[in-house]
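Visitor: Here is how the chains run, residue by residue.
2 protein chains.
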Amino acid sequence: MVLRILRDFKKMQEIAHALRREAKTIGFVPTMGALHRGHLSLVRRARRENDYVIVSIFINPVQFGPKEDFKKYPRNFKTDTLLCKKEGVDIIFYPSAGAMYPAGYKTYVEVEDLGDVLCGEFRSRHFRGVATVVNKLFNIVQPTKAYFGQKDAQQAIIIRKMVRDLNIPVQIRVLPTVREADGLAMSSRNSYLSPAERKQARVLSQALALARDLIKKGNRDSLLVIRKMHQLIKRKKDARIQYICVVDPKTLAAVQKIKRQVLIALAVYIGKTRLIDNALVNSKYA
Amino acid sequence: MVLRILRDFKKMQEIAHALRREAKTIGFVPTMGALHRGHLSLVRRARRENDYVIVSIFINPVQFGPKEDFKKYPRNFKTDTLLCKKEGVDIIFYPSAGAMYPAGYKTYVEVEDLGDVLCGEFRSRHFRGVATVVNKLFNIVQPTKAYFGQKDAQQAIIIRKMVRDLNIPVQIRVLPTVREADGLAMSSRNSYLSPAERKQARVLSQALALARDLIKKGNRDSLLVIRKMHQLIKRKKDARIQYICVVDPKTLAAVQKIKRQVLIALAVYIGKTRLIDNALVNSKYA
Chain A
11 MVLRILRDFK KMQEIAHALR REAKTIGFVP TMGALHRGHL SLVRRARREN
61 DYVIVSIFIN PVQFGPKEDF KKYPRNFKTD TLLCKKEGVD IIFYPSAGAM
111 YPAGYKTYVE VEDLGDVLCG EFRSRHFRGV ATVVNKLFNI VQPTKAYFGQ
161 KDAQQAIIIR KMVRDLNIPV QIRVLPTVRE ADGLAMSSRN SYLSPAERKQ
211 ARVLSQALAL ARDLIKKGNR DSLLVIRKMH QLIKRKKDAR IQYICVVDPK
261 TLAAVQKIKR QVLIALAVYI GKTRLIDNAL VNSKYA
Chain B
11 MVLRILRDFK KMQEIAHALR REAKTIGFVP TMGALHRGHL SLVRRARREN
61 DYVIVSIFIN PVQFGPKEDF KKYPRNFKTD TLLCKKEGVD IIFYPSAGAM
111 YPAGYKTYVE VEDLGDVLCG EFRSRHFRGV ATVVNKLFNI VQPTKAYFGQ
161 KDAQQAIIIR KMVRDLNIPV QIRVLPTVRE ADGLAMSSRN SYLSPAERKQ
211 ARVLSQALAL ARDLIKKGNR DSLLVIRKMH QLIKRKKDAR IQYICVVDPK
261 TLAAVQKIKR QVLIALAVYI GKTRLIDNAL VNSKYA
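Chains as they are written, first to last, in our numbering: chain A, 11 to 296; chain B, 11 to 296.
Here chain A stands alone, though its shape is the one from the complex (with noise of 0.2 Å):
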């Protein structure tokens, strides 16, 4: 099978829905390109679990803030192809921001009070603008399963959320972190980092591993948690943490006493560079 490379929506549309007509299960793995081994995990495992796999390419412009980097994201759309041609990718959906949101647009997707805490504090409207990308994709693509990675744990629980309640006939998976030797998770904007921001970066996954040591060992209280976390980071000259929470991993509202599984999440500047990682820590079997 050839890979594909298709721009316009309304072709996408009728080759999936062709596709769905002869039964065929499509995997869907959205992404706004700079693919590195995270992505191609996902990309992998809808490999193995549909008959055609489909990979859109879109820096999705309603996601980013004014002050964010939607300009200087990085864009490596041969290298991608490359990629999803040794993978098996069957189609690549690379729309245009014009054709996906043309003048006039004015439709939203919002998913109350979960994308206001965390990340949604500090990026105002930003999983409105990804549930709104990924609604539209998912009309297009018409996928039987799609697949998003642990690493942006809210964007899950968000999507996750976004189709239960809109009854939205598709199967979200969502895959582990994929991680550098040293711990960092896989993420493009990691190419933004400086060597020496680079070394540093590894605090986050660090700090991580320390709640889990010290929930492992007992520790039941989440400020002491995030207190010792803030000192290891802290440590690092370029670090500037944004936030440290332990939440509900549903409802992310905020545990103060840890009793069952939480999601520990953390957003930290590294230098100029926003990086997030979390993990979902089982008090039982931390």
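FYI, nobody ran anything at the bench for these hints, they're computed from the structure.
The structure displayed is predicted, hence computed values, not measured ones.
Among the hints, erroneous ones may be present.
Pairs count within a copy or across copies, as identical chains cannot be separated in the list.
[What the hints assert, rightly or not] Result set (DSS-like, lysine-lysine): computed pairs, CA atoms no more than 30 Å apart in a straight line:
hint: 1; residue 1: K82; residue 2: K260
hint: 2; residue 1: K21; residue 2: K88
hint: 3; residue 1: K88; residue 2: K267
hint: 4; residue 1: K20; residue 2: K96
hint: 5; residue 1: K282; residue 2: K247
hint: 6; residue 1: K260; residue 2: K21
hint: 7; residue 1: K82; residue 2: K238
hint: 8; residue 1: K260; residue 2: K238
hint: 9; residue 1: K294; residue 2: K81
hint: 10; residue 1: K21; residue 2: K155
hint: 11; residue 1: K267; residue 2: K116
Following the hints, position chain B against chain A.
Guide: Same frame as chain A, now just chain B:
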């Protein structure tokens, strides 16, 4: 073919999915029940244009304001079933409110601007509720074509916009308002009217006829047209005007000088019953 009544959305979704896989077309008429000849005109068109016809009956709680008529809205499921049977409907989808909006429901679809004017000015969040439930129903019923009445002009405009913006793979058909012999637009809410009120309710369509006549005679000033409509309606003792607007049929922006096709829309209380009506008037051929 026997009429089936389905309450479970998963079952409905499975059947719709199977039908689409067999390349059957599905015509969908979403309703709140209390079916009248307006609804039936939609059902008949759906019957002519599709392999399968699905009618949903669901009084959508999230499109009613706290002081509105959710509780007293007419419920005639038995009569509705008989009517659907007679018209050759294949499936009535009749979900519970608890299944459509389970505890912790959080996701809403909003079409900006278009839902804030006309009815939306007085029914805050009404159109958010409409867009959300129609989006959910489309995901469940997976229609090829969906049918709406011109009577609810703003609703039809918002749904068309949602479908286009979110790339929903459905064709929207909007059919003309069906009227009683004296011109009153068919509405389930007409059953609220006392005999004396019923007579006065003719004034809505009479005011629209007057507007059409004024424009036909060369009047191009919206304010003059609106003033004349006001004067006519105010002669009825139980009539209280909520709004009369002359707007662009796509953007719903107010029109001062009538140059091309306009939508003239009004909402009038007759006693305690809120009625709406509208007319598309083409200044060239009015």
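Visitor: Indicate, hint by hint, whether the structure satisfies it.
Guide: How the hints compare with the structure:
1. K82 - K260: neither (33 Å within a copy, 36 Å between copies)
2. K21 - K88: Within. Shortest intra-copy distance 22 Å satisfies the 30 Å Cα cut-off; inter-copy 44 Å does not.
3. K88 - K267: neither (49 Å within a copy, 53 Å between copies)
4. K20 - K96: within (26 Å within a copy, 37 Å between copies)
5. K282 - K247: So K282 and K247 pass the 30 Å test inside one copy only (13 Å; across, 69 Å).
6. K260 - K21: between (36 Å within a copy, 26 Å between copies)
7. K82 - K238: neither (34 Å within a copy, 58 Å between copies)
8. K260 - K238: Intra 25 Å, inter 57 Å, cutoff 30 Å: intra-copy only.
9. K294 - K81: neither (44 Å within a copy, 48 Å between copies)
10. K21 - K155: Answer is both: 20 Å inside a copy and 19 Å across each meet the 30 Å cutoff.
11. K267 - K116: between (42 Å within a copy, 26 Å between copies)
Going through the hint list in order, the structure does not satisfy hints 1, 3, 7, 9.
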